[in-house]
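Student: Following the hints, complete the assembly by docking chain Z onto the known chain S.
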Amino acid sequence: MTIFTSMQKFICTFFLLTSLFSNAFGQNFNLGGLISDGQRQPISGVVVSVSGSNKTVVTDRDGHFLIKSLDSGTTTIRFARLGYTAIEKTFNIHTDDLKVHVILVAEVRQLKEVTIEDGHTGQKNKTESLNIQTVDAAFIQRNLGGSLMKTLERLPGIKTIGIGSGQSKPLIRGLGFNRVVVVDKGVKHEGQQWGADHGLEIDQFAANQVELIKGAASFIYGSDAIAGAIAINPAPIPMVNSIGGSVDLIGKTNNNLFGSSVNLYARNKQWFLDSRFTYQDYGDYRVPTDEVYVYDYQVKLKDNFLRNTAGREIGTHLNLGYVNERFRSVFYLSNTISNSGFFANAHGLEPRNVDAGMHDASSRDILRPSQKVNHFKIINRSVLEDGNHRFEGELGYQRNLRKEFSDYVNHGYMPSVYPSFMTVPSDLEREFDKVVYSANLRDRITLGKHELSLGLNGEHQNNGINGYTFLVPAFNQYSIGSFVYDKYRLNDNILLHAALRYDHSRIKMFSYTDWFPSTITSGAVAREEYVVRSSDLKRQFNSVVWSVGANYNLDRFSLKANVGKSFRMPIAKELGANGVNYHYFSFEKGDPSLAPEQSYQADLSLEWKAEQWSILLSPFYNYFSNYIYLNPTSGHDTNYGAGNQIFQYAQSKVVRYGAELQFKIKFLKTLTAEALGEYLSAEQRSGDKAGYTLPFSPPASALFNLTWSPVLKNRPEGTYFSIDYRVTSPQNNIVPPEKKTPGYQLINLQAGTKIKFYNQSLMISLQAQNVLNTRYLNHTSFYRLIALPEMGRNIVLSVKIPFSSIKNKS
Amino acid sequence: MKKAFFYFSFLTVLCLSACKKETENEIDTEYPTIDVTAASAFPKQCGEVSRGETFTFRALLGDNTALGSLSLDIHHNFDHHTHSTEVETCSMEPIKVPVKPFLLIKSFPIPAEQRSFLMEQQITIPSDIDPGDYHFMIRLTDKEGWQTIKGLSIKIK
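Going line by line, the protein sequences match chains S and Z.
Read left to right, the first sequence gives residues 2 to 811 (the numbering used here).
Read left to right, the second sequence gives residues 12 to 168 (the numbering used here).
By construction, these hints were calculated from the structure, which means they are not laboratory data.
C-beta: ideal position from N, C-alpha, C; glycine also.
There's no promise every hint is true.
[What the hints assert, rightly or not] Computed beta-carbon distance windows for the label pairs:
1. E37(Z) / L334(S): 28 to 38 Å
2. H451(S) / E37(Z): 48 to 58 Å
3. R69(Z) / N463(S): 33 to 43 Å
4. C101(Z) / S594(S): 44 to 54 Å
5. K670(S) / T40(Z): 42 to 52 Å
6. Y726(S) / R69(Z): 48 to 58 Å
7. Q133(Z) / N774(S): 49 to 59 Å
8. S51(Z) / D537(S): 51 to 61 Å
For reference, chain S alone in the conformation it holds in the complex (with noise of 0.2 Å):
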């Protein structure tokens, strides 16, 4: 059935191009070229237009453009991008089709750089056969939610699992963990990315650009891209001779919030220094409900505040670069804390009985259970360009330390008075520290109309556990990847794309012995044991994967289409796991005989820009051979398992599709409106499970967006106001140990200006984010297992305050 469906989707797909083809063009000139700054370095996202028509056109990432079915004759065109003084430039086509180079001049920076219009829909890069989005450090700013992920989320395709206001991870296409990679300033960002219960420990004023993949990109970023990748860019490189920076301030009604992100700067003409401190403070949040209930037991909440779900976050980043005309070299050094706490009336699914005095006196303490996590980072990224060679490398070093805080509670076979001769500290749960070194190398050539890549990804992690708990085994492991990607400009309106890669990993797992013995039952006999929960294990895998593509871009129509192969290597957990999760009533058994996790994936997307509306459909197909899944089984374990319920990883088929719609359309010239909508379908198909969907499966959504900006009158531009209505439908395709989520609409609001002042673009933001106080369950959070309601309504208002200044001698 699903098959037969799928196929009718592409079959529907290629009806719909045909009937598109049909709409060819006459000959005319074509005009090309490279954008780059003084520096030569190319600069991507430039907006080329040409005056007094629609035709507009987007550089892609080597600064490159094309515009097609120019008349000859005279024509005048404009090249803007954020950060960079807009140009307008008038060229002569009379015989031939003409190649031109544009040199664009950084403005100061963060003095424009946060402008509106092309935050929302994002312009979609022709060059590219994979779905990429990409939005900019005005989006985040003017959605801005608790997190990355959080403010990322208004997305199509994109969703996040989460934990209170403040933690949450992504869910590209309802994959998430392991199956997406988040790669900060071009390094694979290392955390305990398996966990639902924590969240990315990246600081989102840090993060200028974000580039979203929906789909498959293993070929470029490894394993674990296989269902996309998050790359955040820091903020581009200021200006020759230039001094500045900027302060931000947020404020948040709901948990009561109170943040500030300083950020300064300065560069002469060879070297720069940037620098950011993010200090972000909050309470508890609150819902709509007085009270909640887990299970039957009625909790009830003291002014709406879910207890204990206060936080904080420290940012600290120092940017430091050497520039000059060929060559580029930055060291970037960031150390985010973060210390939240989780709600206390239930760990995991498990009541807890609460002095509610103590943890009502203050809404913004942090009590236990709570968790620390730091993350400390060094990369450095160089370019040298050399004729017609790029080479890039990144080198990183990454610490992650995560602390999970609980008061001892004898779950099992633990002895019920902590013991005395613990030296772990008998609040310390668990205890998660991996540093990772990674290592990347990319060679990008032009030859001709091939422009090939070529590159090399190394990384080693050591992975350290302590704690009272057990739950994944300490682990080393070492990957090495290589790849070669080429680039075929076919025609003016053709592009193809082929990849090939080839993945070596090795993981070696160490043993743990429990500290306290079990009793052991067989038949009728029971003995005392430290049960030994992992042994040593030692694995290797090697993958070869592969991707083609084509774009096709003709006028207002704009075809991508990508088929290819992804991996992902088992994880420690899912190979070594033999915990009891307590808070979970589960029992995890890993399988140390898991093979690599093999997806293959077709991607489409169609485009049809008009001159007042645009529309973009991008259905995908996605079948894994061996889905790698906890398997909640029927089975208790009363011996290793303290008689939980046995959840076991296995493999199965496992088919996925969907598509993202987006439309919008422009009344006015100050008036435009905008439809987001979603659909995700995933089934497995054999296995016990067979038949059920993957746990985390986003229900469909839809976004509709009004958004009037006003152009007033001694203003800069960037006035606007904005409402978004989202109506997400119920999820009842469930499986263990999942529950139904109703649906639900939510609205929010936003509204913005920029006021001059002392000659700077004072930015002000305002958002009203569940302006109804609507009371919904959010199927991919984590709470939902309890039935914790989302928050309730928040009034976000942000200041971004820039200041610079431009010595003239250069």
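Tutor: Only chain Z this time, still in chain S's reference frame:
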């Protein structure tokens, strides 16, 4: 151009609606049930059992397709750390440090392919254990892996 747009919209709607029909597969999404409301069911919330005595744990188990397995866990709650899953709250003894708390972790078989089953098991409480507040945790799965938890507060006298 209008024609193209018409095709585009029409086919989009068609394609998306084709996807929609998918979810009609018959999958079981119902959790099993643990019923302790019958007069003969035992123990009940805030119930009492005595040291050195044997009682019969009796609960009616049900599922729409087939029951899986049942696991029982009796552990102390002298520190009041956890709460029962029930509406009714019970009077608690003062917090105390356990010396020799009673612990029982046991699973009881359920015959295969049962939609309803009356669980009856004899449980003996040793005479030398600490009396006080205990939790009587019943975990019941069905064949598909849905698990229902009932945590009752009981007292051992």
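Student: Hints first: check each against the structure and report whether it holds.
Tutor: Tested hints:
In this structure, E37(Z) and L334(S) break the distance hint of 28 to 38 Å, their C-beta atoms being roughly 56 Å apart. For H451(S) paired with E37(Z), a C-beta distance near 52 Å keeps the hint of 48 to 58 Å intact. In this structure the supplied range 33 to 43 Å is violated for R69(Z) paired with N463(S), their Cβ-Cβ distance being about 53 Å. For C101(Z) and S594(S), the Cβ-Cβ distance of about 48 Å falls inside the hinted range of 44 to 54 Å, so the restraint holds.
For the pair K670(S) and T40(Z), the beta carbons lie near 50 Å from each other, so the given range of 42 to 52 Å is met. About 53 Å separates the C-beta atoms of Y726(S) and R69(Z), a value consistent with the hinted range of 48 to 58 Å. Look at Q133(Z) against N774(S): about 53 Å separates their beta carbons, and that is inside 49 to 59 Å. Taking 51 to 61 Å as the suggested C-beta distance range, the pair S51(Z) and D537(S) conforms, at roughly 52 Å.
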